[in-house]
Structure formats: C-alpha cells, structure tokens
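Undergrad: Residue-level listing of the chains:
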Amino acid sequence: MAKIYFYSFFVVIFLWCFGTGYSQMTTDAAATGISRAFNPAISVNCLFDAMGTNRNDVLWSEIGLEPGLHYQEICMEMTANVDVYLQSKVALSVEEKTDLGVEEAYASTLRMPIPLILRMGKMLNTFGRHNLLHLHHMAFVERPMILEQVFGPDLNEMSIEGAYLLPLPWYSDAIAGILNGDNPNLFEGSSKGDVAFLAHWDNLWDVTDEWTVRIGGSYLRGERGLPPPENMQQPLTNNGGNVHSGVWGANIHLKWKPLHRGRYHSFTLQGEYVNAKVNMNGNSTEPLHGFFIQMLGQFNIRWFIQARYDWFNRPQELHLLFPAPINFSFNPSEDLQGQRLSFCLAFVPTEFSAYRLQYNYIDLGGQGENQIIAQLNITIGSHPAHKY
Amino acid sequence: MKKQIIFMTLLFLIIAIGTGKAAKKLDVVTTLPSLASITENIGGDQVKVYSITRGVQDAHYVEAKPSYMLNLNKADLLIYSGLELEIGWLPLLIQGARNQKVVVGARGNLNASLALPEQGILEKPRGEVDRSMGDVHPAGNPHYLLNPHNGFKVAEFIADKLIELDPDHQSVYENNLETFKKALSEKIKQWETKAKVLNGLEVVCYHVHWSYLLDWLGIQQAGYIELRPGIPPTPRHKREIIELIKQHGIKLVIVSSWKDPKKSKEVADETGAELVILPGEVNAMDGSEDYFLWINYLVNQLIEKWNSHREKSD
Chain S
641 MAKIYFYSFF VVIFLWCFGT GYSQMTTDAA ATGISRAFNP AISVNCLFDA
691 MGTNRNDVLW SEIGLEPGLH YQEICMEMTA NVDVYLQSKV ALSVEEKTDL
741 GVEEAYASTL RMPIPLILRM GKMLNTFGRH NLLHLHHMAF VERPMILEQV
791 FGPDLNEMSI EGAYLLPLPW YSDAIAGILN GDNPNLFEGS SKGDVAFLAH
841 WDNLWDVTDE WTVRIGGSYL RGERGLPPPE NMQQPLTNNG GNVHSGVWGA
891 NIHLKWKPLH RGRYHSFTLQ GEYVNAKVNM NGNSTEPLHG FFIQMLGQFN
941 IRWFIQARYD WFNRPQELHL LFPAPINFSF NPSEDLQGQR LSFCLAFVPT
991 EFSAYRLQYN YIDLGGQGEN QIIAQLNITI GSHPAHKY
Chain A
8 MKKQIIFMTL LFLIIAIGTG KAAKKLDVVT TLPSLASITE NIGGDQVKVY
58 SITRGVQDAH YVEAKPSYML NLNKADLLIY SGLELEIGWL PLLIQGARNQ
108 KVVVGARGNL NASLALPEQG ILEKPRGEVD RSMGDVHPAG NPHYLLNPHN
158 GFKVAEFIAD KLIELDPDHQ SVYENNLETF KKALSEKIKQ WETKAKVLNG
208 LEVVCYHVHW SYLLDWLGIQ QAGYIELRPG IPPTPRHKRE IIELIKQHGI
258 KLVIVSSWKD PKKSKEVADE TGAELVILPG EVNAMDGSED YFLWINYLVN
308 QLIEKWNSHR EKSD
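First to last, the sequence lines map onto chains S and A. Numbering of the first sequence is given in my numbering, commencing with residue 641 and proceeding in unit increments. Numbering of the second sequence is given in my numbering, commencing with residue 8 and proceeding in unit increments.
Calculated from the structure, these hints are not laboratory results. Among the hints, a few may not be true.
Unchecked claim - Derived coverage of chain S by chain A (criterion: at least 3 residues anywhere in the stretch with Cβ under 8 Å from a Cβ of chain A; other residues may be distant): (1) 754-760; (2) 809-823; (3) 856-863.
Just so you know, even glycine gets a beta-carbon here, dropped at the ideal spot from N, CA and C.
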C-alpha cells in the first residue's frame, strides 16, 4: 500500500513539473530582487465579538467565541504570483487563546497545458463548499456544528490537490487530493507514510442569468492508527494496524442575484450534509453525521437577513474520538444530539466592513442555551476577491 | 473497385470540406458589452464574441460565477477594460478558466485601456489614496468608452490584436476597421454639432461615472450626490448638494440606470432640476443596443432633457 502512495505522489509531482517547467532555486541575482513593485497583496482581517448567554458555562464553546468582549480572530493574508508558473497564498491567523498559526500556505499553478490547477501546501481542503471559507468570509459568526464536530474545526492539511475542468456543457470540476492525514479527529495514521485521499465533484448550472444551482459531492478516506489516543476511556485493542476513517458529504447551493441593480438584492440557500464513519478496530460503528442549511436574503444595498439551522447526531462510541467543542457533561453511554437555530442581521456598509447581530438557540442533549453575539468584521489592505 | 474509388473520393471530399471550409472563428470574450460591440464591428464574421457582463449589470460588482470560467476556458482572446474596473472578479475567472491563452502576459490577454495615452485617463488620483475616500479607482476612471474618440483608439487596438492572432484575415479586419472609423467619425461630427447647446452647462451626478462623456461635450460636473464614490449620501450631504444646485442654477441631475434613482429623484424634485437616467453601458436600456446607439442615446437624452427643462422654464 505504501508503494501506491509513493507512486501517486511521484505522478503528481511529475505532472506539476511538466506544467510549470522544473527549475532549481539558484543563487543567481534576480533582476527584480528588491523592487517593491513585486510585493504581495497584503491584507489583515479582524473579527471582534461581544457575546452574552443565559448560562454560566456555554454549551458549545468554540475557540474565540465566549461570553464577554473578545477578538475572535486576526488573520493576515498575502497573495502574489511567484513567477511565470505559480501563484502563492499565505494566511496566518491568531485566535485569542491560540498562538499564531498557519491557516494556509500553498502554491498553485498559473498555467498548465491542460485545464488543470494543482495546489500544494497547507490549505483549506475542498470538502464541500463551506470548508473552503476563512472565518471572516462566513455568513455567520461561527462555523456549522457538523463541520466543527467532524474536522474540529477545519480540514486544512498539508496536501496536493488537483482540480480538472471537465469538458461538459456545464461547469464541472473534478477535484482529487492527497492529504497528509493528520487531522486529529479523523486520522493520524500509525505510520508516517499514511496519507488520506480526497475527491470532490463540483457542478454549477446557470438556470437563468440570475439563478444558479451548485451541487457537489465529497469523499475523504484515511487511516487512523492504533492504539487510540490516550484520552480514550475504553481503549481499542491494538491489532497492530490502522483502521479507516471515511467521510462523505453532499452540498447544494441555490443563488439568485438579479442582473439589474444586483447590488441591492440577492438570495442564497445553502446546505451541506456530512457523514463521518470510523471503522473502530474492524468493527463498523454508527456514523457521526449532521447537516446545516442556511438562508441569506439581501433586502437593501447594505442589509442582509440570515437564518441557519444546524443538526448533528454523535453515536456514543465516538464521544471521545470527536470531543470538541462540547463543553458540558452528558451521559457517555448515550448518543448525543445537538441542534442550533440562528438568526442574524448583517449591516455591510462596504466590502471592507460588516456588522452582525446574531441570536443562537442551542440544544445539546436536551439542555438549552440562548446566545446573543455582536460582531465587527474589518479588512485593511489589498484583499483578494472571494470565490463564488 | 469502381465502388471503392467513388467511396474513397467522397470520403476525401467530406474530410476536405469539414477541415478546410469550417475554419475556426476566433473565440473572443470581453468583460463589457461596449468592448464586445466594438469587437463585433472589427471582427465581423471571423470572430465569435461573448460579453461576460450584460448592459444592465454594474461591472464594478460582478460575482466570479464559475459558468463565466467555462466561456473563458474556450477563448482565444480576452479583452477587458482595465484600470482595475474588473479587479474584484476577473483575476478569479482567469485563474479558474485554466486557459493559458488568456492569462495576464499571454498574447490572448488584451487590456483595452492601454490603447489610451497616459494623459487620456481622467481622474487618476494625485497624492494619497485610501479607502476613507470611498471606492476610488487608483488607476483612474475606467469608463473611457463614454468618449467616442476613445472608442476610435480602442477599435484600432483591438484590430491590431485580431490581426496578430489571425493574420490570415488581416485584410478583413483592416477593412472593417476603416468602415468602423468612417462611420464613427461621421457620427462624432453629428453628435458634436447637436450637443453644442450643452457646452458650458453645469450638472450634478449621483456617482463619478460620466466624466469622459461630460468632458467630451464640455459639460461641468458641479458635485456628486454620493458622499464619496460608492457611499450613499448622508442627510447633511444631501442638503449641501441641494443648496449647491440652487446656488448654481443647475438644471440636470444625472444618474446611471444601474443605480437606484430614489435619492437622485428626491434631489431633482426638491430643486426643480430634470432627472436624467442614462444607460451605463451598451444595452443597459432600450435603444442602446450597440456602441453607436449607446453614445447616440446618451447625447440625445441629455439634449432632450435640457430642451425639456428650457421649455418648462419659458
């Protein structure tokens, strides 16, 4: 099996070099060495939150989102073309209780002889659509519950992804990736050579000039090493090998934006379903699964009204495998169900600032919580446009 | 044997017709309908032109829909306005299209603003520029096709590029360019003669958009209803603009068909000025279906509204 991984890696690297023209870094003086004209586009995004809750301890405790005044995240993003062949993006972020970390740092091809883009580095991986979003680009203050549960909080790994534009009458992108397989919830294979594989198929149709439908499916498979993590209360038997984690997902996105005065009105309906199954020591378990569905309505040039419903179910065998970010004691011998209903009013005066007022009702294992969150989202500098 | 010869001859003819006669047209994608219209005039039957934005769309605020990438993926040539008009969406489309013919720096990538000399670009900010000044274009106002003299230059620029990419049809492109230039020169003379009545007029615009048109016709812009480019007016700013209109005796308030005319109408109603709604691009309103009709519509509408106001005053 390790040989297959090795050869897959080799083939991808070969393709990359074929498209970009292999070059060895040299010490030759570059003609553009110290010119400031080639500085990357640099931007910094800040998310400041104020949160109130009716409980002493929040049920669902995402990092950087707690009662009181906090900065949720500060993220610096740099983008530039490396040379004729490659573009690079680096996003460094820091949350209030975490150190500065690399959210993304990857290079992608600018020109290939076939309709293919290759990305290599640490990146938000193409599982569904929501996982590709940075926190400041999300419509709501926090990530959907099911993505937090399964990926805790993102699937962003050192990886190689290739996206091939299929020759079909509609937009259809076939994406395949090899991930390092170190997501703490899902993977961490027992041997260093273990990697995870990702496949995503993205399709978009223009129903009319103003309506689009986007449908996609994702599958991720990797290996989880044995023995299990130390915090497992009921350790699994070490059979000397790996067990598989398989996650599949489906996403749908319906969008309306009028051509005429499209800045004033728009409507988006978006949903994703994720199903994560971990083969525990050869024994199949019930999956951790859930979904979210959200609606965004723009009723004025600067105002949006939004609603989201989240739901997930976690089987009791997986409580310790998928711990975060639940913050209350519950019966470990029972499955845990959670749901959240959110309403949000967003005031977006310019592309570079947004004010959100969000209400959450959270129900976890029968316990309820009401949250109110106010958020200021600002961006300074040259920030690249966001994808559709 | 005879049957085989007939069959082979027919097969050869079919292949020859299929490959020889059906020479591929140049696939051209433009970002604006005005650029598409000029390209159609120059390219004629030798090009297939697709405009990413429609006339009714404000090209500043287009979303990078993946379906646009599909069109760009097949393109031989991309023609765009430049001056950062499409900065918010075109880079994403180019990258997503995965077509090395149209990436920046490739032969099939044409920034039409490069047809204009540096001094021909209006409203290029001098000194400090930052976002507290609103949606300013650091490279200058990108709506240069509102002046038909610039249409001339852009047409020549596009013709040069079509000849470079498809030298077999050089004579076709040159002839079409000559026809276009002749027709446009005649129309420019007519428009300039008709629009003499507007020379020296002062107007107020909702947004900084019409500078090339107004500059060409000798019309002064006394102020803008927007507080800053892209930022709606505050009540105080609106009062100041109303005062300005009254003090200067301004008779026309101009707004683009892309914008909600509510605020402009309130200002016009309160001051007695005429509200002029103009198509921001080719095909943005009925009667502006191509580049000639668009400029014609703009000139006629301004004259008509000015005359209408004078008649009311008399």
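Undergrad: Decide, hint by hint, whether the structure agrees.
TA: Hint-by-hint comparison with the structure:
1. 754-760: holds (count 4)
2. 809-823: Three-residue rule met by the segment 809-823 of chain S, so holds; n is 3.
3. 856-863: Per the Cβ count (0), the hint is violated.
The structure fails to meet hint 3 from the earlier list, while all remaining hints are met.
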